[in-house]
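Undergrad: Please take these sequences and the hints and turn them into a complete structure.
Numbering (the working numbering), first residue to last: 15 to 365.
Any given hint could be a false lead.
FRET-style restraints, in silico, Cβ to Cβ [said to hold, decoys possible]: (1) Glu204 - Gly231: 16 to 24 Å; (2) Lys154 - Thr312: 24 to 32 Å; (3) Asp158 - Thr312: 33 to 41 Å; (4) Arg212 - Gln166: 34 to 42 Å; (5) Phe321 - Glu253: 38 to 46 Å.
The calculated lysine-lysine pairs, modelled on DSSO-like cross-linking and capped at a C-alpha distance of 30 Å, are [claimed, not checked]: (6) Lys241 - Lys102; (7) Lys211 - Lys154; (8) Lys211 - Lys232; (9) Lys211 - Lys241; (10) Lys279 - Lys154; (11) Lys279 - Lys182; (12) Lys232 - Lys344; (13) Lys211 - Lys182; (14) Lys344 - Lys102; (15) Lys182 - Lys232; (16) Lys344 - Lys241.
Because the hints were derived from the structure by calculation, they are not lab data. Glycine residues also receive a C-beta, built at the ideal position from the N, C-alpha and C atoms.
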Amino acid sequence: MSAKPLFESPSVSESLLERKSARTQSQPRDSDGGIGEGARLSQNSDDSRSSDTQSHVPSASADTASPLAEEVALAAGFRVGVAEDRNKRYRRTMEDAHTFIYKYGGINGQGFFAIFDGHAGKSAAECQHCFQPHTQTLLKLINDNPNTPIPQLLNDTFVETDAQLGAKKGVSSGCTAVVAFVRVEQRAIEGETLAVKRRVLYTANVGDARAVLSRSGKALRLSYDHKGSDPHETQRIMECGGFVVNGRVNGVLAVTRALGDASMKDYIVGNPYTTETVLTDADNILVLACDGVWDVCTDQDAIDYIFETSERSSTPQVAAEELLNHSLEKFSTDNLSVMVVRFADLSTLPL
15 MSAKPLFESP SVSESLLERK SARTQSQPRD SDGGIGEGAR LSQNSDDSRS SDTQSHVPSA
75 SADTASPLAE EVALAAGFRV GVAEDRNKRY RRTMEDAHTF IYKYGGINGQ GFFAIFDGHA
135 GKSAAECQHC FQPHTQTLLK LINDNPNTPI PQLLNDTFVE TDAQLGAKKG VSSGCTAVVA
195 FVRVEQRAIE GETLAVKRRV LYTANVGDAR AVLSRSGKAL RLSYDHKGSD PHETQRIMEC
255 GGFVVNGRVN GVLAVTRALG DASMKDYIVG NPYTTETVLT DADNILVLAC DGVWDVCTDQ
315 DAIDYIFETS ERSSTPQVAA EELLNHSLEK FSTDNLSVMV VRFADLSTLP L
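TA: Laid out in structure tokens, this is it:
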């Protein structure tokens, strides 16, 4: 079953298939605030998020998983690897942030993953400003509105987070965001009437951070690049009274949708592009990454490189690190963040 795009962004007729070491952690941690087990929130210092810097949330390396880590990953049904690099040759500060949560909301098989890429300063992407409220808002909306479609709740979450950022004094920056939420649902197999347990993946994004799913080794993009170079977005900006010059909104921002950017809120909206995908056994890898990766890698390049890496190591942590290194070797000039999620067979989940 193919991904179904929903809400607010221009429709895309085609599926948009395209073709040094960063030390971060992929192991589950004990959670805070009841969000879920293995919650990891990354927010590093201004000038030291290069490849030799660890997140403020310490954990074991990918190759030294603790019994707790193994137990949580088994119950979650997926493993996560993350790599990030300031790219100090070109960037003085790191404006990316990320989070992932095993057993989101304390439910087996449920997970939350996100990457936030700040601009005009890192404040909007920081932990206390963006992704902590984001994870909490979505979970509350899901619990309070069990019959509302998840894409609608993702849209509401983005809009609320955007409004919260706009109301914060002293935060004039903004960030792009790509979010994925996975859970197990009762779904009928195509052509059948009997509902069975299936893993369902929901994504939402604003800006040019991407989510790419590997389906039998082929890249399936589950996000939309909201850029000033996109004719649909340019038309929307003009209808709002703005203009696009040299691919930039009002000559300033290259992205047309983002969280924050309060001074340009008439044009830079926070409504995301969303998708809903019922996963099959052929869908085993999800990649989230900021534009620093996609500037130098096509979607298919990234998937191919991860599969090449899997011949040497099956861990998503190694895959994330090597894809990041590959992007550096291809002379990316931006901050880099890569998250690789490898889904286990649904039959292994203790549901």
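Undergrad: For every hint, state whether the structure bears it out.
TA: We went through each hint and held it up to the structure:
no.: 1; hint: Glu204 - Gly231: 16 to 24 Å; in the structure: holds, 21 Å
no.: 2; hint: Lys154 - Thr312: 24 to 32 Å; in the structure: violated, 37 Å
no.: 3; hint: Asp158 - Thr312: 33 to 41 Å; in the structure: holds, 40 Å
no.: 4; hint: Arg212 - Gln166: 34 to 42 Å; in the structure: violated, 20 Å
no.: 5; hint: Phe321 - Glu253: 38 to 46 Å; in the structure: holds, 42 Å
no.: 6; hint: Lys241 - Lys102; in the structure: holds, 25 Å
no.: 7; hint: Lys211 - Lys154; in the structure: holds, 24 Å
no.: 8; hint: Lys211 - Lys232; in the structure: holds, 24 Å
no.: 9; hint: Lys211 - Lys241; in the structure: violated, 37 Å
no.: 10; hint: Lys279 - Lys154; in the structure: holds, 26 Å
no.: 11; hint: Lys279 - Lys182; in the structure: holds, 14 Å
no.: 12; hint: Lys232 - Lys344; in the structure: holds, 22 Å
no.: 13; hint: Lys211 - Lys182; in the structure: violated, 42 Å
no.: 14; hint: Lys344 - Lys102; in the structure: holds, 15 Å
no.: 15; hint: Lys182 - Lys232; in the structure: violated, 42 Å
no.: 16; hint: Lys344 - Lys241; in the structure: holds, 22 Å
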